[in-house]
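K.L.:
Sequence:
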Amino acid sequence: MVTKLEKNSLVSKLYNSDIVLERHRHRYEFNNEYKKDLESVGLRFSGIYEEKNLVEVVEMPSLKFFVASQFHPEFTSRPNKPTPLFKGFIKAIVENNK
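Using full-length UniProt numbering, the letters of the sequence shown map in sequence onto residues 1 to 98.
What the hints contain is simulated information worked out from the structure, not anything from laboratory work. Source: prediction; values computed, not measured. All residues carry an ideal CB built from backbone N, CA and C; glycine is no exception. One or more of the hints may lead you astray.
Computed list of lysine-lysine pairs in DSS-like fashion (alpha-carbon distance at most 30 Å, straight line) [what the hints assert, rightly or not]: (1) 64 with 13; (2) 98 with 35; (3) 64 with 81; (4) 98 with 13; (5) 64 with 7; (6) 52 with 13; (7) 64 with 87; (8) 64 with 35; (9) 35 with 4; (10) 87 with 7; (11) 36 with 52.
Just the calculated beta-carbon pair ranges, DEER-fashion [said to hold, decoys possible]: (12) 16 with 66: 16 to 26 Å; (13) 26 with 78: 15 to 25 Å; (14) 8 with 86: 17 to 27 Å; (15) 80 with 42: 28 to 38 Å; (16) 98 with 29: 32 to 42 Å; (17) 81 with 38: 13 to 23 Å; (18) 28 with 6: 16 to 26 Å.
Turn these sequences into a full structure, and let the hints guide you.
P.N.:
Take a look at the structure:
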């Protein structure tokens with residue numbers, strides 16, 4: 001599935017793109033009825049599978065690194081070539097421990 005990423009979101013910066021193609025195994029979906037309530041407390045819905053209006057990526061911009069994804073970057077990540085989401089996570093850990 002192709003996930004459309006919101007411009008200037010953390011995940012779009014990590015992937016250096018406005019779309020991402022990662023593997024999925026959907027059994028659960030975000031209930032869009034709660035979207036406005038969660039946005040009002042700071043969550044950012046930064047990745048959407050537009051064909052079915054499914055939330056794929058959520059961020060909390062007020063925190064140093066908070067990204068949740070419905071897709072599975074671990075399926076395509078390799079020890080010598082980690083996916084951008086994992087590289088960004090490790091970079092945030094290192095920078096936070098300086």
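K.L.:
State, for the Cβ atoms of residue 16 and residue 66, whether the hinted interval 16 to 26 Å holds or is violated.
P.N.:
Given about 20 Å between the Cβ atoms, the range holds.
K.L.:
CA of residue 87 to CA of residue 7, is that 30 Å or under?
P.N.:
Holds - the C-alpha atoms of residue 7 and residue 87 are around 20 Å apart, at most 30 Å.
K.L.:
For the hint 28 to 38 Å, verify it against the beta carbon of residue 80 and that of residue 42.
P.N.:
36 Å, holds
K.L.:
I want to verify a distance hint. Is the separation of the beta carbons of residue 8 and residue 86 within 17 to 27 Å?
P.N.:
For residue 86 against residue 8, whose Cβ atoms are near 21 Å apart, the range 17 to 27 Å holds.
K.L.:
Does the hinted range 16 to 26 Å hold for residue 28 and residue 6 at CB?
P.N.:
21 Å, holds
K.L.:
Tell me if the straight-line CA distance from residue 64 to residue 13 falls inside 30 Å.
P.N.:
14 Å, holds
K.L.:
So if I understand the rule, the pair passes when the alpha-carbon distance is 30 Å or less; does residue 35 with residue 4 pass?
P.N.:
Since the Cα atoms of residue 35 and residue 4 sit roughly 17 Å apart, the hinted pair holds (cutoff 30 Å).
K.L.:
Quick one, are residue 64 and residue 7 close enough, alpha carbons at most 30 Å?
P.N.:
18 Å, holds
K.L.:
Evaluate the given range 13 to 23 Å for the C-beta pair formed by residue 81 and residue 38.
P.N.:
Given range 13 to 23 Å: violated, Cβ gap about 33 Å.
K.L.:
Is residue 98 close enough to residue 13, meaning Cα to Cα at most 30 Å?
P.N.:
22 Å, holds
K.L.:
Taking 30 Å as the top limit, are the C-alpha atoms of residue 64 and residue 87 close enough?
P.N.:
15 Å, holds
K.L.:
Would the pair residue 98 and residue 35 pass a check requiring their Cα atoms to be no farther apart than 30 Å?
P.N.:
Violated, at roughly 35 Å.
Hints 2, 17 from the list above are not met by this structure, while the remaining hints are.
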